[in-house]
Amino acid sequence: MTLYVVTMPSSLFTQFKSEDSIKKKLSLLIRNRNFRRFFIQFVFGIFLLLLFFYVVDKALNLELGFGHLSSRAGFGLSHTFIIDYNSNDSRWMGYFAGVINTIRVSLVGIVLATILGIFMGLARLSPNFLINKISTGYVEFIRNTPLLVQIIFWQLLLLQLPHISKALTFGGLSVWSNRGIYLPIISSNENGSLWSLILLLGLIISLILRSRLFKYKEEHVDLFSPNLISFFTFVVIAIISFFALSMKLSFNVPEVNINQHGTYIQSGGFALTPQFAAILFALVLYTGTFITEIVRGSIQSLPIGQTEAAMALGLNTYQRITLIILPQALRSIIPPLTNQYLNLTKNSSLSVAIAYPDLFMVSRTIMNNAGHALPMFVLILITYLTLSLIISLIMNIINRRVTRIGA
Amino acid sequence: MKKKVSKKKISVEAKGITKSFGDFQALKGITANIYEGEVVVVLGPSGSGKSTFIRTINGLEEHNSGEITVNGIPLNDDVKNRDVIRGQVGMVFQQFNLFPHLSVLRNITLAPQKVKKLSKSESEELAMSLLERVGIPEQAEKYPAQLSGGQQQRVAIARALAMQPKIMLFDEPTSALDPEMIKEVLDVMIELAQSGMTMICVTHEMGFAREVADRFLFFDEGLIVEEGTPDHFFNNPQEERTKLFLSQIL
Numbered sequence: 000m001t002l003y004v005v006t007m008p009s010s011l012f013t014q015f016k017s018e019d020s021i022k023k024k025l026s027l028l029i030r031n032r033n034f035r036r037f038f039i040q041f042v043f044g045i046f047l048l049l050l051f052f053y054v055v056d057k058a059l060n061l062e063l064g065f066g067h068l069s070s071r072a073g074f075g076l077s078h079t080f081i082i083d084y085n086s087n088d089s090r091w092m093g094y095f096a097g098v099i100n101t102i103r104v105s106l107v108g109i110v111l112a113t114i115l116g117i118f119m120g121l122a123r124l125s126p127n128f129l130i131n132k133i134s135t136g137y138v139e140f141i142r143n144t145p146l147l148v149q150i151i152f153w154q155l156l157l158l159q160l161p162h163i164s165k166a167l168t169f170g171g172l173s174v175w176s177n178r179g180i181y182l183p184i185i186s187s188n189e190n191g192s193l194w195s196l197i198l199l200l201g202l203i204i205s206l207i208l209r210s211r212l213f214k215y216k217e218e219h220v221d222l223f224s225p226n227l228i229s230f231f232t233f234v235v236i237a238i239i240s241f242f243a244l245s246m247k248l249s250f251n252v253p254e255v256n257i258n259q260h261g262t263y264i265q266s267g268g269f270a271l272t273p274q275f276a277a278i279l280f281a282l283v284l285y286t287g288t289f290i291t292e293i294v295r296g297s298i299q300s301l302p303i304g305q306t307e308a309a310m311a312l313g314l315n316t317y318q319r320i321t322l323i324i325l326p327q328a329l330r331s332i333i334p335p336l337t338n339q340y341l342n343l344t345k346n347s348s349l350s351v352a353i354a355y356p357d358l359f360m361v362s363r364t365i366m367n368n369a370g371h372a373l374p375m376f377v378l379i380l381i382t383y384l385t386l387s388l389i390i391s392l393i394m395n396i397i398n399r400r401v402t403r404i405g406a
Numbered sequence: 000m001k002k003k004v005s006k007k008k009i010s011v012e013a014k015g016i017t018k019s020f021g022d023f024q025a026l027k028g029i030t031a032n033i034y035e036g037e038v039v040v041v042l043g044p045s046g047s048g049k050s051t052f053i054r055t056i057n058g059l060e061e062h063n064s065g066e067i068t069v070n071g072i073p074l075n076d077d078v079k080n081r082d083v084i085r086g087q088v089g090m091v092f093q094q095f096n097l098f099p100h101l102s103v104l105r106n107i108t109l110a111p112q113k114v115k116k117l118s119k120s121e122s123e124e125l126a127m128s129l130l131e132r133v134g135i136p137e138q139a140e141k142y143p144a145q146l147s148g149g150q151q152q153r154v155a156i157a158r159a160l161a162m163q164p165k166i167m168l169f170d171e172p173t174s175a176l177d178p179e180m181i182k183e184v185l186d187v188m189i190e191l192a193q194s195g196m197t198m199i200c201v202t203h204e205m206g207f208a209r210e211v212a213d214r215f216l217f218f219d220e221g222l223i224v225e226e227g228t229p230d231h232f233f234n235n236p237q238e239e240r241t242k243l244f245l246s247q248i249l
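From first to last, the protein sequence lines stand for chains F and S. First residue of the first sequence? That's 0 in numbering that gives the first Met the number 0, and the numbers climb one at a time after it. First residue of the second sequence? That's 0 in numbering that gives the first Met the number 0, and the numbers climb one at a time after it.
Honestly, the hints are just simulated from the structure, not real lab data. Among these hints, one or two may not hold up.
Okay, the calculated bits of chain F under chain S, using three or more residues with CB under 8 Å as the criterion [what the hints assert, rightly or not]:
#1 170 to 183
#2 322 to 329
With the C-beta cut set under 7 Å, the calculated list includes, among others, these residues of chain S facing chain F [said to hold, decoys possible]:
#3 ASN57
#4 ASN75
#5 VAL78
#6 ARG85
#7 LYS113
#8 GLY195
Ideal placement from N, C-alpha and C gives every residue a C-beta, glycine not left out.
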C-alpha cells in the first residue's frame with residue numbers, strides 16, 4: 000500500500016490550460032484523485048492540530064504535580080516485599096511498595112499459570128479419559144465465571160479456615176488459620192547469604208556442566224546420565240561449602256503462642272496470607288484456562304502427520320512432545336500467550352476488591368488521604384503501561400528466537 | 000532384473016484383521032502373509048481400506064480384532080513389542096511429513112540418535128550415505144520447505160531408512176507430487192526393491208508395479224478380492240471388480 004504523505008503534487012497544475020474558465024479548472028481539480036487525497040489529509044491534519052492545542056491548553060490549567068507524593072504517607076501496608084516500608088516513609092515509598100506487590104503477584108502468577116496451562120493443555124489432548132475430563136472440566140468451569148467473583152470466592156474460602164486458637168497444625172509442621180497459611184522454611188546463621196550465593200554459583204556451574212555433558216554425550220553415547228552427574232556435582236559443592244562455612248541450619252517452623260495478655264502471637268515460617276493467596280490462586284487458575292486452550296489449539300493445528308511420522312520412527316511419547324510437537328507449537332503459542340501475560344498483570348488490579356495492597360490499592364489509599372486523583376491516575380496508567388511494555392518486549396525477544404527457522 | 004524371493008520366511012503375518020471407524024468398517028477381515036524380500040503392491044479404489052491396512056502393520060491404526068505378527072513379534076498391547084516393531088518397520092507417507100523445524104540432516108539423524116542411541120558423528124555419516132543413495136547429498140543443510148516435493152519425499156525415504164528397517168511401508172508416496180517429480184521418487188523405490196528390501200506399497204503407479212512387484216493384493220470394500228503375480232493381474236484377472244478397476248487405471 001502506498002502511503003500518500005501530505006504534499007501537494009506538482010503534477011496537479013500541469014493539466015490546466017490558461018484558456019480554461021475558472022469553473023472548468025475547479026471541476027478538474029475536484030475530480031483529480033491526487034488532489035482529493037491531499038485535501039482530505041490536509042483538513043483532518045488541521046483538525047487534529049487544533050484538538051491537540053485545545054487539550055494542552057486545558058491540561059496546563061490542571062494541577063498535575065506529584066509534589067504531594069513526597070510527604071509522609073501515614074498509612075501502613077499489610078504486605079511489603081523486598082523494600083522495608085512503614086507509615087513514616089514517603090507516599091512515593093508506599094507507591095513503590097505497591098508496585099512491587101503488583102510485580103510479585105504478576106510474576107509468580109505468570110510462572111504458575113504457564114506451567115498449569117501447558118500441563119492442562121497436554122491433558123486435554125490425552126487419550127486417558129480421566130485426565131482428559133479433569134482438564135475439560137477445569138477449563139469449562141473456571142473460564143466461564145467472572146474473575147472478580149473468583150477472587151472474592153477464594154478469599155472467602157481461605158477465611159473459612161479455623162480461628163488461630165484452633166489452627167490446623169499438621170503435626171506442628173505448619174499453621175493454617177484464617178490469618179493465612181504458614182509454611183515451614185529453612186533458616187540459617189549469619190553465613191546464610193554467603194552460602195546461598197555459593198549455592199547459586201554451584202547451580203550455574205552444574206547447569207553449564209550439564210549442557211557440556213549432553214554435547215559430549217552426542218559423540219560418546221555410553222556416557223553415564225549427564226543429569227545425575229551434574230546433580231551430584233551440585234550436591235558435592237553444597238556439602239563442602241556447608242562444612243567450610245560451618246553452617247548451622249534450622250528448620251523454621253511456624254508457631255502459635257499466647258502472650259501475657261492472652262493474645263495469640265504468630266511467629267516464624269513462610270506466610271501465605273488470605274489476600275495474596277486469593278488473588279494469586281484466582282489469577283493463576285483463570286489465566287491458566289486460557290493458556291490451556293492456547294496450548295491445545297496450537298498443538299491441534301499441527302498436521303496429524305507430524306505425530307504419525309514421529310511414531311513411525313519409534314520416538315516415544317515424551318520425545319514426540321519435546322522434539323517434534325512443542326517446538327513447532329511454540330511458534331503459534333507465544334503471541335497469544337503474551338496477551339495472557341498482559342491480561343494477568345492488568346487483572347492483578349482487581350486486588351483492590353480484597354485489599355491486597357497492589358499499586359492500584361495503594362494509589363487509592365493515597366488519593367483518599369491526599370486527593371490529587373488525576374495525577375495519581377496518570378501515574379497508575381503509566382506504571383501499568385510500563386509493566387506491559389516490558390512484558391511485550393521480553394516476549395517479542397522470545398518469539399524471535401522460536402520463530403527463527405530451525406530453532 | 001527380478002530377484003528371487005524365498006517363500007520361506009514370513010515378515011508380516013496378518014490374520015483376520017478388522018478395523019472400524021465409528022459405523023464405517025474399513026477392514027472386514029484381512030488375511031495375508033508378506034515374505035522376506037518380497038515387494039507387494041496393494042491396489043484398490045479409494046476407501047477400500049488399503050491405506051488402513053498398511054497403517055495397522057506398524058500400529059498407527061489400532062486393529063479391532065485379528066492378529067498381526069511382524070518378524071515373529073506379535074503386535075499387541077505389549078508396549079515393548081510395539082517399540083521393537085516400529086524400529087523394524089519404516090514408513091513413507093503421501094504428505095512426506097518431514098519435520099519442518101529441523102534441517103534435512105537433522106530430520107534423518109534424529110531418530111537414530113534418540114531411539115538407536117547412535118553417536119552424532121555415526122548418525123551423520125549414516126545420513127549422508129543415505130542422502131547419497133537418494134541422490135541429494137547437497138541438500139543436507141537445507142530445510143524441508145526449501146526443497147521440491149520430489150526431493151522432500153526422497154528425504155522422507157532416507158529418514159525411514161536411517162532406522163535400518165527390515166520392512167518398508169509406502170502409503171501412496173507419489174500421489175502428492177507433480178508429474179515430473181514422480182520418476183525421481185520411483186527410481187529410488189526401484190533401487191530399494193532391487194536391493195532386497197521387503198516392501199509393501201500402496202500405489203497407483205502401474206509402471207513401477209509392473210517392474211518390481213512380486214505380488215499384487217487387490218482390495219475392495221475392506222476385503223482382499225484378488226491376489227496374484229503381476230502377470231496374473233495384467234493378463235488374466237479373474238474377478239469382475241478387478242477387471243473394472245484395471246480397465247479404468249491402465
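Hint by hint, here is what the structure shows:
1. 170 to 183: Our answer is that it is violated, as 0 residues pass the Cβ test (under 8 Å) against chain S, missing three.
2. 322 to 329: holds (count 4)
3. ASN57: Holds, because the Cβ-Cβ distance from ASN57(S) to chain F comes to roughly 6 Å (cut-off 7 Å).
4. ASN75: violated, 17 Å
5. VAL78: Given a least distance of 9 Å, the restraint on VAL78(S) is violated.
6. ARG85: At about 4 Å, which falls below the 7 Å cut-off, the nearest Cβ of chain F leaves the hint on ARG85(S) intact, so it holds.
7. LYS113: holds, 5 Å
8. GLY195: violated, 21 Å
Consistency with the previously given hints fails for numbers 1, 4, 5, 8, ordered from lowest to highest.
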